[in-house]
Amino acid sequence: AQSVSQHNHHVILSEAASLELGCNYSYGGTVNLFWYVQYPGQHLQLLLKYFSGDPLVKGIKGFEAEFIKSKFSFNLRKPSVQWSDTAEYFCAVTPNRDDKIIFGKGTRLHILP
Amino acid sequence: DTGVSQNPRHKITKRGQNVTFRCDPISEHNRLYWYRQTLGQGPEFLTYFQNEAQLEKSRLLSDRFSAERPKGSFSTLEIQRTEQGDSAMYLCASSPRWGQNYGYTFGSGTRLTVV
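Taken in order, these protein sequences are the chains called A and B. Final position of the first sequence in the working numbering is 113; the numbers increase by one with none missing. Final position of the second sequence in the working numbering is 115; the numbers increase by one with none missing.
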């Protein structure tokens, strides 16, 4: 079935560690790709998006993601995490430039102070 | 611009009762989306509107669910004869017309508990 897969359900890191959260999708054709973040008690917020052009996308708060078309991947990275990055992160795709966004199951990130 | 507003924030209802949720999108956004999120899952698409027209409904949206956006502004989601499996966070989002190009702005959600 077509889907968005996030490899890690729960990640625990210490402050200043590097972060990479995996995301793969199974839709063919042209896609738009997103990472959303949900901080504790808050609503979903857009972290970054890929529409076209440079496959390395920079978002807010020092996050970046790389679109690798051949691997159907859009992994999220941050060189040095902070305690305030504790949140749930969702990878999302609009398949074939469809009108609706399809979300992965999310990765819960916990940063130890 | 006060963002996307959803009411109520929480709703507890007895099984079999009807419930209605309201979403007020960002005023200049003509697209409005409803999603459902359960514990340990990402948001699941339910339906979306462009202005007052409902353009797509998910198979998740059974006959007990109905959504409206009568004047192309706010939207309501009604669940009739609620079941325990309906317990979830119901999320509303809005976007300009080509939402897939921009991403959506989400509201804080309505948490439904069916007892």
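Keep in mind that the hints are not guaranteed to be accurate.
What the hints assert, rightly or not - If you want the ones that stay clear, here's a sample from chain A, every Cβ over 12 angstroms from chain B, calculated:
#1 Lys71
#2 Glu88
#3 Ala92
Said to hold, decoys possible - Now the in silico label distances, taken between C-beta atoms and shown as ranges:
#4 A:Tyr39 x B:Ser66: 39 to 45 angstroms
#5 A:Lys61 x B:Thr38: 23 to 29 angstroms
#6 A:Lys61 x B:Asn18: 26 to 32 angstroms
#7 A:Lys69 x B:Arg97: 24 to 30 angstroms
#8 B:Gln80 x A:His10: 33 to 39 angstroms
As the list claims (entries may be wrong) - Listed below are several chain A residues computed to face chain B (Cβ distance under 10 angstroms; list not exhaustive):
#9 Ser84
#10 Thr86
#11 Ile102
Just so you know, the hints here were simulated from the structure itself, not pulled from any lab data. Just so you know, even glycine gets a beta-carbon here, dropped at the ideal spot from N, CA and C.
Hints breached by this structure: Hints 2, 3, 4, 6, 9 and 10 not satisfied by this model.
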